[in-house]
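Participant: All chains should be modelled from the sequences, with the hints used to inform the complete structure.
Now for the letters of each chain:
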Amino acid sequence: KNEVEQSPQNLTAQEGEFITINCSYSVGISALHWLQQHPGGGIVSLFMLSSGKKKHGRLIATINIQEKHSSLHITASHPRDSAVYICAVREFIGGGADGLTFGKGTHLIIQP
Amino acid sequence: GAGVSQSPSNKVTEKGKDVELRCDPISGHTALYWYRQSLGQGLEFLIYFQGNSAPDKSGLPSDRFSAERTGGSVSTLTIQRTQQEDSAVYLCASSFALAREQYFGPGTRLTVT
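Chains as they are written, first to last, in my numbering: chain A, 1 to 112; chain B, 1 to 113.
Wrong hints could be hidden among the right ones.
Distance condition first, Cα-Cα at most 25 Å in a straight line; then the derived DSS-like pairs of lysine-lysine [what the hints assert, rightly or not]: (1) Lys-57/B with Lys-11/B; (2) Lys-1/A with Lys-57/B; (3) Lys-104/A with Lys-57/B; (4) Lys-57/B with Lys-17/B.
Covered stretches of chain B (chain A as the covering partner; in silico rule of three or more C-beta atoms under 8 Å from a C-beta of chain A) [stated by the list, open to error]: (5) 44 to 50; (6) 102 to 112.
For the chain A half of the interface with chain B, some residues (derived, Cβ under 7 Å), not all of them [claimed, not checked]: (7) Gly-42; (8) Ser-45; (9) Leu-49; (10) Leu-100; (11) Phe-102.
What the hints contain is simulated information worked out from the structure, not anything from laboratory work. Note that beta-carbon positions come from the ideal geometry of N, C-alpha and C, so glycine has one too.
Facilitator: Right under this line is the structure:
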């Protein structure tokens, strides 16, 4: 079973700061997901990636398959970015459970 | 278009009772997943359906948990003889196909008293 580790567990920053959240995993994967969960809210998928880099607005996700590591970056952070960010991985199809294995999440607070 | 819907949004039940949780996936999505989010435990995979294939039940925590998917659309997660440790938010997600982006429902908060 894949072990998914996120860091930091908690992060408080000032509005406008550049934010980086890290995720590492132990077993080769077919895809990695970054999810966002607002307090009391549902889960929204931000990115699904298997290589390289993806960008959507102020959010950037990168993955290094060889190092089994991914980062989520937020540029020009804003209080509305305050949420829990969750990394999740899918192992190779047919290699085990086809559902996702989740990290414990990073609780991000952006102060105005 | 409509997203993934789940019902009920909240369910309080007494220990030992059976409960049924429902998930309506996005129309046309062939893959459907059930997850559980327990306080302090994070998210965990329970069961997965892909089209008409047999479900992957590898994440179900005990034989008190079962799920079915009728007509390749709506799914029901059943928990028999509920225990207090079953208290959690149960999330459903669907995707267009295997290994594609997953869309999550709002969840059902289950409290076992």
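Participant: Taking the hints in turn, state whether each one holds.
Facilitator: To see whether the hints hold, each was checked on the structure:
1. Lys-57/B with Lys-11/B: The given pair, whose Cα atoms are some 23 Å apart, holds under the 25 Å limit.
2. Lys-1/A with Lys-57/B: holds (15 Å)
3. Lys-104/A with Lys-57/B: holds (22 Å)
4. Lys-57/B with Lys-17/B: Since the Cα atoms of Lys-57/B and Lys-17/B sit roughly 22 Å apart, the hinted pair holds (cutoff 25 Å).
5. 44 to 50: holds (count 6)
6. 102 to 112: This one holds; 6 residues, not fewer than the three required, reach chain A with a Cβ under 8 Å.
7. Gly-42: Since the shortest Cβ distance to chain B is 5 Å, the answer is holds.
8. Ser-45: holds (5 Å)
9. Leu-49: Where the cut-off is 7 Å and the nearest Cβ of chain B is about 10 Å from Leu-49/A, the hint is violated.
10. Leu-100: This hint holds: Leu-100/A lies near chain B, its Cβ roughly 6 Å from the closest one there, short of 7 Å.
11. Phe-102: Given a least distance of 4 Å, the restraint on Phe-102/A holds.
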